[in-house]
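All chains, please: the whole structure from these sequences, using the hints.
Protein chains: 2
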Amino acid sequence: MKTVDLALLGFGNVGKAFARLLIEKKPELEDDFGFSPRITAIATQSHGVCVDPGGVEESALLSMLDKDMPINLSRLDKSGFRGDTYDFIEKVPAQILFETTPVNPRSGLPALDYLRAAAKRGLNLITANKGPVVYGFRELTELTGQHGKLFRFESAVLDGAPIFSLFRGPLAGAKLLGFYGILNSCTNLLLDRMRDGESLEQAIVYGASIGITETDPSNDVDGWDAAIKVAVLSNVLMGQNLTPMDVQPTGIRGITPEMVRSADAQGKRWKLICKGGWQNDGYHVSVKPEMVGSDSPLYSVDGTSSYVSFELDVLPGMGILESDPSPKTTAFGLLADLIDIVKSGVA
Amino acid sequence: MKTVDLALLGFGNVGKAFARLLIEKKPELEDDFGFSPRITAIATQSHGVCVDPGGVEESALLSMLDKDMPINLSRLDKSGFRGDTYDFIEKVPAQILFETTPVNPRSGLPALDYLRAAAKRGLNLITANKGPVVYGFRELTELTGQHGKLFRFESAVLDGAPIFSLFRGPLAGAKLLGFYGILNSCTNLLLDRMRDGESLEQAIVYGASIGITETDPSNDVDGWDAAIKVAVLSNVLMGQNLTPMDVQPTGIRGITPEMVRSADAQGKRWKLICKGGWQNDGYHVSVKPEMVGSDSPLYSVDGTSSYVSFELDVLPGMGILESDPSPKTTAFGLLADLIDIVKSGVA
Numbered sequence: 001m002k003t004v005d006l007a008l009l010g011f012g013n014v015g016k017a018f019a020r021l022l023i024e025k026k027p028e029l030e031d032d033f034g035f036s037p038r039i040t041a042i043a044t045q046s047h048g049v050c051v052d053p054g055g056v057e058e059s060a061l062l063s064m065l066d067k068d069m070p071i072n073l074s075r076l077d078k079s080g081f082r083g084d085t086y087d088f089i090e091k092v093p094a095q096i097l098f099e100t101t102p103v104n105p106r107s108g109l110p111a112l113d114y115l116r117a118a119a120k121r122g123l124n125l126i127t128a129n130k131g132p133v134v135y136g137f138r139e140l141t142e143l144t145g146q147h148g149k150l151f152r153f154e155s156a157v158l159d160g161a162p163i164f165s166l167f168r169g170p171l172a173g174a175k176l177l178g179f180y181g182i183l184n185s186c187t188n189l190l191l192d193r194m195r196d197g198e199s200l201e202q203a204i205v206y207g208a209s210i211g212i213t214e215t216d217p218s219n220d221v222d223g224w225d226a227a228i229k230v231a232v233l234s235n236v237l238m239g240q241n242l243t244p245m246d247v248q249p250t251g252i253r254g255i256t257p258e259m260v261r262s263a264d265a266q267g268k269r270w271k272l273i274c275k276g277g278w279q280n281d282g283y284h285v286s287v288k289p290e291m292v293g294s295d296s297p298l299y300s301v302d303g304t305s306s307y308v309s310f311e312l313d314v315l316p317g318m319g320i321l322e323s324d325p326s327p328k329t330t331a332f333g334l335l336a337d338l339i340d341i342v343k344s345g346v347a
Numbered sequence: 001m002k003t004v005d006l007a008l009l010g011f012g013n014v015g016k017a018f019a020r021l022l023i024e025k026k027p028e029l030e031d032d033f034g035f036s037p038r039i040t041a042i043a044t045q046s047h048g049v050c051v052d053p054g055g056v057e058e059s060a061l062l063s064m065l066d067k068d069m070p071i072n073l074s075r076l077d078k079s080g081f082r083g084d085t086y087d088f089i090e091k092v093p094a095q096i097l098f099e100t101t102p103v104n105p106r107s108g109l110p111a112l113d114y115l116r117a118a119a120k121r122g123l124n125l126i127t128a129n130k131g132p133v134v135y136g137f138r139e140l141t142e143l144t145g146q147h148g149k150l151f152r153f154e155s156a157v158l159d160g161a162p163i164f165s166l167f168r169g170p171l172a173g174a175k176l177l178g179f180y181g182i183l184n185s186c187t188n189l190l191l192d193r194m195r196d197g198e199s200l201e202q203a204i205v206y207g208a209s210i211g212i213t214e215t216d217p218s219n220d221v222d223g224w225d226a227a228i229k230v231a232v233l234s235n236v237l238m239g240q241n242l243t244p245m246d247v248q249p250t251g252i253r254g255i256t257p258e259m260v261r262s263a264d265a266q267g268k269r270w271k272l273i274c275k276g277g278w279q280n281d282g283y284h285v286s287v288k289p290e291m292v293g294s295d296s297p298l299y300s301v302d303g304t305s306s307y308v309s310f311e312l313d314v315l316p317g318m319g320i321l322e323s324d325p326s327p328k329t330t331a332f333g334l335l336a337d338l339i340d341i342v343k344s345g346v347a
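Just so you know, the sequences run in chain order C and Z. Note that my numbering numbers the first sequence so that position 247 is 247, with each residue one more than the last. Note that my numbering numbers the second sequence so that position 34 is 34, with each residue one more than the last.
Fair warning: there could be bad hints in the mix.
Copies of one chain are not kept apart here, so a pair can be met inside one copy or by any two copies together.
[Unchecked claim] Quick list of in silico lysine-lysine cross-link-like pairs, DSS-like style, CA-CA up to 30 angstroms:
1. LYS175 <-> LYS67
2. LYS2 <-> LYS175
3. LYS26 <-> LYS2
4. LYS26 <-> LYS175
5. LYS343 <-> LYS26
6. LYS343 <-> LYS2
7. LYS26 <-> LYS91
Everything labelled a hint here was simulated from the structure, so no lab data went into it.
If you want it as structure tokens, here you go:
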């Protein structure tokens, strides 16, 4: 049985959900895909770093995760390693680096620099972080390619629902002409709450109470998260080279309770709609609130669900709905990337 | 450049759309996938057979297709071949057989026998026909496997939208627990027409006028087409071994104009809903009309569109909507299967 060694850079909700899923799916990965994954290193933002070339002790890791205890990595560390993040990247005994540090919508840093360093070292890269994808897709693809390795990021858009793998595999023979959808689940939830009678401010407070909105909600509310995703889809799937700033998003701050009630009276709903695609005069993108009626597939996309519809040369509309994702869903995107890399024979 | 030789058994709307798409996509297949497809044989139900080991003349084929002329295969035939269908299967100079003959919901015959013969000869098989998939999935997979070849059938459910390839590739690491959706586009269109005030009989006449309903509409109207698709999904994706009869479908004949109006008054719509999946007491399937409200993703699935939602262990709902497919969409499913077989290195 082939062992594949994994290093986790970032160990928040997504990193933890991935560690849990990996333990849960281990028998299947061995039986169905012929490899045994082993976490050999974890680096956290504020709970230190652990490295164990023999694989961190699964039962101890699982017991910390299951009891939701503060992560005490020193219990798992066998190495005495005490370097910084770049040392970690340089020295971890792994074939694949999983990067799940926070998104920086303005530059993708420092995650982009971490991934550059790991690519130059010859590691395969998997990230759930949109930042380095939007700012570094071509560069990281090329850097990993120079070592015969791969850069994967299925979880960057629509969590773990297959998007990028769909266009690499099943839809490889189709031509993508454009896309539209609801890509930011936070604003979708806030607009739902406003339909239930809350003001935007009340909805944001509720969102924060269940961990959906950030301390500074601007990234979601002003459309920047959606804009990054539009730029990612445009760059990866449609050959563009956009930054989130190029998208010039309009967020949902202009949507008043009156507008929501008035839409409701017409049997319509406000949604933050993302678009990208070719038109007669070139490539266009947008992120802005629009009203949709019940005959639109966007109407029923509620709560933290997301939706994207692709216009293909062989099919006017192929939509993908992701209903009620959890951190486990994002973790699955990382797992799918891992399986893809192992199947490709580069790890 | 590697040449891949293809034999087409069946040359109706789907076969013709595939021949057209193949010619359209040829440059891309050569540039992006490194192979050149060549149709070396075509067998039709009533316009004879042509075989040309050097590849049938593309320009002549295209001109017949584009002008919608009656297909005159003798113009293309260089072989003098005059055998029956089994001779054709035995002798065609091809690596892949594309089967697009009519569906037989009761047994899958004779298509299943044709595919058995081709598999035993060592050909790769691609079909758009649900019949041999529901009655022969395991057998044909095994028979082709004995020769190191593949059996593919992406177009059997939801036309060319990726379903089976999705579970072979991007979703291979997820566990499927159940599915539901609208799998029969004909009844979906008929129910739409009834909302517009037509009786079922009037809607069927309209469906026939645009080529959607058959002379005998029972296959669609009584739920058999949907039942075959439920059995196919159950057998291929969930390890079941069902026939369409096991599904015991209820069609839409019981839906009266009054019921449609009453649903409309409640803001609901009747849909023919397909389900399959694990429940506490075992595996269950159903096909029956149900009312859905505007908060269901099924509500906005109109006309000849289809939808399927998968419940996965890592995601409560992953829906795929196929909007307004055409024969080109079904042809794309065949093309995707071709690309998959060539990528797998078995043709």
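Here is what the structure says about each hint:
{"no.": "1", "hint": "LYS175 <-> LYS67", "result": "between (48 angstroms within a copy, 25 angstroms between copies)"}
{"no.": "2", "hint": "LYS2 <-> LYS175", "result": "between (37 angstroms within a copy, 23 angstroms between copies)"}
{"no.": "3", "hint": "LYS26 <-> LYS2", "result": "within (13 angstroms within a copy, 39 angstroms between copies)"}
{"no.": "4", "hint": "LYS26 <-> LYS175", "result": "between (36 angstroms within a copy, 13 angstroms between copies)"}
{"no.": "5", "hint": "LYS343 <-> LYS26", "result": "both (16 angstroms within a copy, 28 angstroms between copies)"}
{"no.": "6", "hint": "LYS343 <-> LYS2", "result": "both (12 angstroms within a copy, 24 angstroms between copies)"}
{"no.": "7", "hint": "LYS26 <-> LYS91", "result": "within (25 angstroms within a copy, 47 angstroms between copies)"}
Checked against the numbered hints given earlier, the structure satisfies every one of them.
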